[in-house]
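Enquirer: Below are the chains, spelled out letter by letter.
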Amino acid sequence: MTYLAKPKFHHPGLPKNDLGYTHRDYEGTVSTLCAGCGHDSITAAIIQACFELSIEPHRVAKISGIGCSSKTPTYFLGNSHGFNSVHGRMPSVLTGANLANRDLIYLGVSGDGDSASIGFGQFAHALRRGVNMAYIVENNGVYGLTKGQFSATADRGSKSKRGVTNTDNSIDLAAIALQLGASFVARSFSGDKQQLVPIIKAAIAHKGAAFIDVISPCVAFNNHAGSTKSFDFVREHNEAVNRLDVISGRMPIEVQYEPGKVEIVEQHDGSTIALRKLDADYQVHDRAAAQAFLQHHAAKGQIVTGLLYVEKDADDLHGHLHTVDTPLNALNEKELCPGQSALDKFNASMR
Amino acid sequence: MKNTDISDPQYFHKVVDCQYACPAHTPVPEYIRMIAAGRYGDAYMVNWKSNVFPGILGRTCDRPCEPACRRVRVEEEPVAICRLKRVAADFKEDVTARMPKPAARRNGKRVALVGGGPASLTVARDLVPLGYSVTVFDADAKAGGMIRTQIPKFRLPDSVIDEETDYVLNLGVDFRGGQRIESMKALLAQDWDAIFVGTGAPRGRDLDIPGRKEAAANIHIGIDWLSSVSFGHISKIGRRVIVLGGGNTAMDCCRSSRRLGGEEVQVVVRSGFDEMKASPWEKEDAQHEGIPIHNFLVPKEFTHENGKLTGVIFEKVKAEFDAKGRRKLVNAGEPDQHFPCDDVLVAVGQENAFPWIERDAGIDFDEWNMPKVDEKTFQSSNPRVFFGGDAAFGPKNIIWAVAHGHEAAVSIDKMLNGEDITQRPLPAVEVMSQKMGIHEWSYDNEIDLDKRYKVPHRDLGIALKDIKSEVELGFDVELALKEAGRCLNCDVQTVFNAPLCIECDACVDICPMDCITFTQNGEETELRTRLTAPAKNLAQALYVQDGLKTGRAMIKDEDVCLHCGLCAERCPTGAWDMQKYLLEVTHAGSSCRTPRRSAA
Ligand SMILES: Cc1cc2nc3c(=O)[nH]c(=O)nc-3n(C[C@H](O)[C@H](O)[C@H](O)COP(=O)(O)OP(=O)(O)OC[C@H]3O[C@@H](n4cnc5c(N)ncnc54)[C@H](O)[C@@H]3O)c2cc1C
Ligand SMILES: Cc1ncc(C[n+]2csc(CCOP(=O)(O)OP(=O)(O)O)c2C)c(N)n1
Ligand code: SF4
Ligand code: SF4
Ligand code: SF4
Ligand SMILES: [Mg+2]
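Taken in order, these protein sequences are the chains called A and B.
So the first sequence is numbered by my numbering: it starts at 1 and just counts up by one.
So the second sequence is numbered by my numbering: it starts at 352 and just counts up by one.
There's no promise every hint is true.
What the hints assert, rightly or not - One-sided excerpt, in silico: chain A residues whose CB lies under 8 Å from chain B:
#1 LYS8
#2 PHE9
#3 CYS34
#4 GLY38
#5 SER41
#6 SER117
#7 GLY191
#8 LYS312
To be verified - Simulated pairs of lysine-lysine, DSSO-like, Cα-Cα distance not exceeding 30 Å:
#9 B:LYS679 x B:LYS628
#10 B:LYS460 x B:LYS443
#11 B:LYS628 x A:LYS8
#12 A:LYS261 x B:LYS900
#13 B:LYS805 x B:LYS634
#14 A:LYS8 x B:LYS931
#15 A:LYS8 x B:LYS816
#16 A:LYS71 x A:LYS8
#17 A:LYS300 x B:LYS900
#18 B:LYS365 x A:LYS8
#19 A:LYS6 x B:LYS802
Because the hints were derived from the structure by calculation, they are not lab data.
Predicted, not measured: the structure shown is a model, and the values here were computed from it.
Backbone N, C-alpha and C fix where the C-beta goes; we use that ideal spot for every residue, glycine too.
Construct the complete structure from the given sequences, taking the supplied hints into account.
Expert: Written out as structure tokens, the structure reads:
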């Protein structure tokens with residue numbers, strides 16, 4: 001944590017995006033999290049992703065629950081909409097907002113406590129409904145804000161800072177997201193922005209429920225020997241299946257890849273993901289295989305990262321419900337109250 | 352790239368841009384912090400130790416530090432380093448008691464200094480407290496050299512010169528004012544243990560074009576005219592004055608003319624306005640006093656009538672570049688222009704003149720009639736004779752004269768102690784962590800966004816009436832505090848300790864200037880292209896430390912670091928620390944003698 005605000009000066013050679021902004025224009029206020037917190041790196045990755053995608057800040061709504069992780073939306077996109085909701089309730093607030101205004105980009109920011117304990121049901125339903133969002137869990141295996149109690153994602157057998165062993169089974173949020181029908185599922189690590197930034201970009205571009213589980217070490221309560229969410233442990237056990245390059249629609253794919261090593265994934269918004277395979281056999285469109293892969297590697301104590309699953313022709317809640325293209329909050333009285341004859345017709349159709 | 356060796360004093364020295372650029376390597380940020388703390392006397396003494404003339408330089412220095420100031424690269428305008436120096440001089444308490452004490456006993460060595468300008472006075476200042484018997488000969492009655500005779504009083508009042516030359520003379524210098532040395536041979540015959548020549552570059556260049564002789568009565572050599580003004584021999588000039596030349600002497604000539612009855616004073620230069628030698632602020636001050644500057648005009652002829660000057664004819668030229676990119680001034684194809692005037696001041700350059708050094712006195716001269724002087728030791732071909740200041744390599748400025756003086760004093764001190772003078776002493780370095788608490792540093796690490804503050808000037812109407820009335824009023828305490836706040840404390844260094852780093856990226860994320868990158872090490876040119884922000888300023892170093900757990904290296908581009916310490920505040924393990932590197936040039940005395948290792 002820092003008391004001083006980050007000075008306004010920036011590097012004179014900073015690149016600008018299509019809107020003429022530098023990445024500094026996507027910052028929020030200075031973080032009050034512990035120095036070295038993985039969550040701050042995720043913040044930086046979100047800033048970088050939004051900068052690279054040339055997103056207009058006022059087109060974004062950041063919604064979170066409670067926890068150190070849920071505080072982070074204050075630290076990025078200072079000019080976007082935000083709602084810091086109740087513990088575990090981010091998914092329902094986001095779902096409501098999304099139904100009312102389908103035109104915004106929704107960033108759901110949550111923690112492992114927020115999503116795997118108190119908000120577990122909320123998490124499940126938002127995903128199974130296919131709400132169009134990028135749902136990011138900043139997963140540190142503890143309740144950071146309340147001083148480091150084990151969370152439901154803490155691995156069985158891992159040790160707390162005070163030496164107590166966790167005897168409960170852990171919840172693998174990525175595996176559950178797959179099972180619940182999320183149309184985009186990824187896992188990454190706060191200490192690996194090269195992997196994380198393109199994943200966030202792809203998730204934002206994805207139409208449908210995109211879920212990212214980001215392992216994010218808590219330097220204060222969960223970065224010791226015996227923890228399975230520490231910098232050292234994650235680095236040693238990271239099993240990356242692929243690496244991404246996200247290429248936005250207008251840009252030609254110039255990068256030359258070794259044949260067979262790269263898979264091109266088209267997204268709804270016209271952007272393209274070039275998937276560099278690290279594991280040649282990994283099938284990114286096979287939900288059942290992905291689940292099996294995760295379980296198999298988890299049993300070996302490995303942490304699988306990368307883009308784990310993406311549905312080819314994904315759709316979202318609005319698609320399922322056949323809502324109108326105009327955001328509901330923009331419909332006026334004339335459209336919402338079409339008059340007696342329309343009502344009569346409707347009633348007749350119900351008889 | 353190889354790991355950066357931060358124990359080499361040169362590494363962090365270079366990061367302190369201002370101090371590095373200062374010929375005398377004045378610890379600039381150190382004294383600026385003292386000014387901010389209201390410790391004017393301390394700030395004065397830090398300066399006095401390095402540059403001997405803080406009050407004089409705080410008004411007149413050529414300030415090579417300012418274009419080098421980091422603030423130029425992160426904002427626009429440098430910190431007003433020079434004018435803050437004046438603040439220290441203006442607001443200090445009485446510092447006489449803090450001056451060096453006379454040596455307990457004389458060492459029996461006699462040193463003669465020819466000329467009493469800043470170069471000689473610096474040699475005297477460094478040698479007298481060590482016990483040397485130092486005699487200064489100057490043709491003029493009072494000490495100061497061109498500081499006293501050339502620089503107009505409206506820029507530098509006599510009282511300031513008196514005070515600061517007295518600090519030196521009062522150390523126990525035998526000053527022989529009004530005594531011109533006419534023969535080097537005679538001087539050598541007097542058996543001095545060492546002789547230092549600090550006689551400056553006292554001859555102004557003339558302009559030999561038609562009409563020069565006929566109109567001589569109203570054509571004056573700039574530096575001769577300025578010294579006559581200084582001595583009070585000249586107190587008025589014609590109504591219409593033309594000053595030829597684009598250097599600082601020209602600026603002093605035109606501004607002096609404005610104060611001595613010149614109503615229509617104009618400066619005419621051969622080259623373009625931007626290529627003029629005068630410092631930008633001198634040009635600005637002249638223009639502010641209603642003096643137009645005409646460029647690309649080459650003087651062709653002085654016109655005259657009945658032996659009286661009537662004006663100057665100029666040929667209009669333009670700049671052309673040849674295949675090699677060299678600039679040439681060629682006729683612009685326009686008619687010549689006639690500028691009517693009553694007086695002309697010729698300020699087209701200065702030359703060295705050594706009429707008093709016999710060419711067979713055992714001192715070698717080169718083809719340009721300059722003495723052969725070693726650039727490090729300032730020794731001439733006669734091992735007992737040293738040169739410094741404008742006399743050594745041609746006209747420069749006060750701060751260079753001071754720097755030469757320090758080095759020459761080191762040479763003399765080493766030589767007279769039987770040491771090899773080519774072995775130069777290393778600077779002294781003091782390293783201090785600035786950490787006081789998690790978010791507490793013993794320096795003000797908050798970055799002020801303020802733009803450079805302007806020094807208040809005296810009302811022009813009043814200033815132009817009296818040539819002795821100082822134009823600049825100096826910062827007051829409040830402005831000084833604000834301006835001092837702009838300094839980025841470039842001497843408080845970011846020091847990285849790789850074994851402590853857990854590669855959490857916190858420092859990378861918080862750094863406002865994108866200075867820090869963790870990446871695979873590589874060869875410098877290639878590495879510079881793949882940092883968080885491009886490192887295009889090749890003059891600024893990359894700080895490289897490997898030995899991280901992931902096998903990557905920490906690369907920090909020093910170029911635009913604000914020294915804000917946010918990286919160190921954010922680091923959970925203390926892998927970054929903010930440490931003050933106080934570097935001081937070693938002057939004559941015991942520490943310059945035994946070649947010593949750096950303290951860092
Ligand atoms: C008009 C003008 C304005 C300037 N303004 C500035 C400025 O604003 N800032 C700046 O930094 N620099 C300025 N300079 C340059 C600066 O004055 C000189 O670079 C500096 O004074 C050189 O110092 P010095 O010790 O080498 O010699 P000088 O200052 O030239 O002193 C040499 C002394 O030696 C004496 N002397 C010469 N020959 C003999 C002899 N044979 N016997 C005895 N004595 C002798 C001379 O009388 C003189 O006093 C200016 C120069 C001029 C001409
Ligand atoms: C309804 C409710 N119950 C309990 C709490 C106390 N509480 C605050 S944060 C938190 C856990 C946060 O854990 P997580 O989401 O993992 O966030 P982290 O701080 O680890 O990033 C809890 C239990 C609360 N604020 N509200
Ligand atoms: S900011 Fe201060 S320390 Fe840095 S170069 Fe400028 S004056 Fe010197
Ligand atoms: S002191 Fe540290 S955080 Fe501040 S600009 Fe320099 S490297 Fe960046
Ligand atoms: S903040 Fe400290 S521990 Fe973290 S990466 Fe930077 S130097 Fe290393
Ligand atoms: Mg947590």
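Enquirer: Hints first: check each against the structure and report whether it holds.
Expert: Each hint tested on the structure:
1. Taking 8 Å as the C-beta contact cut-off toward chain B, the hint placing A:LYS8 at the interface holds, the least distance being around 6 Å.
2. Because the beta carbon of A:PHE9 sits about 5 Å from the nearest beta carbon in chain B, less than 8 Å, this interface hint is met.
3. With 8 Å as the threshold, the beta carbon of A:CYS34 comes within range of chain B, its nearest partner Cβ sitting at about 7 Å, so the hint holds.
4. The closest approach between the C-beta of A:GLY38 and any C-beta of chain B is roughly 7 Å, which is under the 8 Å cut-off, so the hint is satisfied.
5. For A:SER41, the interface hint holds, since its Cβ comes within 8 Å of a Cβ in chain B; the closest pair sits about 5 Å apart.
6. Hint status for A:SER117 relative to chain B: violated, with the closest Cβ pair at about 25 Å, above 8 Å.
7. With a least beta-carbon distance of about 6 Å to chain B, the hint placing A:GLY191 at the interface is held under the 8 Å criterion.
8. Because the smallest distance between the Cβ of A:LYS312 and any Cβ of chain B comes to about 34 Å, over 8 Å, the interface hint for this residue is violated.
9. Restraint check: the Cα-Cα separation between B:LYS679 and B:LYS628 comes to about 17 Å, which is no more than 30 Å; the hinted pair holds.
10. About 35 Å separates the Cα atoms of B:LYS460 and B:LYS443, which puts this hinted pair outside 30 Å; it is violated.
11. Straight-line distance between C-alpha atoms of B:LYS628 and A:LYS8 comes to about 36 Å, which puts the hinted pair past the 30 Å bound.
12. The hinted pair formed by A:LYS261 and B:LYS900 meets the criterion: a straight-line CA distance of about 29 Å does not exceed 30 Å.
13. With a C-alpha separation of about 16 Å, the suggested pair B:LYS805 and B:LYS634 falls inside the 30 Å cut-off, and the hint holds.
14. For a cut-off of 30 Å, the pair hint linking A:LYS8 to B:LYS931 stands: about 24 Å separates their Cα positions.
15. Distance check on the hinted pair: A:LYS8 and B:LYS816 sit about 45 Å apart at the alpha-carbon level, beyond 30 Å; violated.
16. At most 30 Å may separate the alpha-carbon atoms for a hinted pair to count; A:LYS71 and A:LYS8 meet this at roughly 22 Å.
17. Using a Cα cut-off of 30 Å, the hinted pair A:LYS300 and B:LYS900 holds, with the two alpha carbons roughly 23 Å apart.
18. Only pairs whose Cα atoms come within 30 Å are accepted, and B:LYS365 paired with A:LYS8 is accepted, the gap being roughly 25 Å.
19. As the CA atoms of A:LYS6 and B:LYS802 are separated by approximately 18 Å, the hinted pair is consistent with the 30 Å bound.
When the structure is compared with the earlier hints, violations turn up for hints 6, 8, 10, 11 and 15 and for no others.
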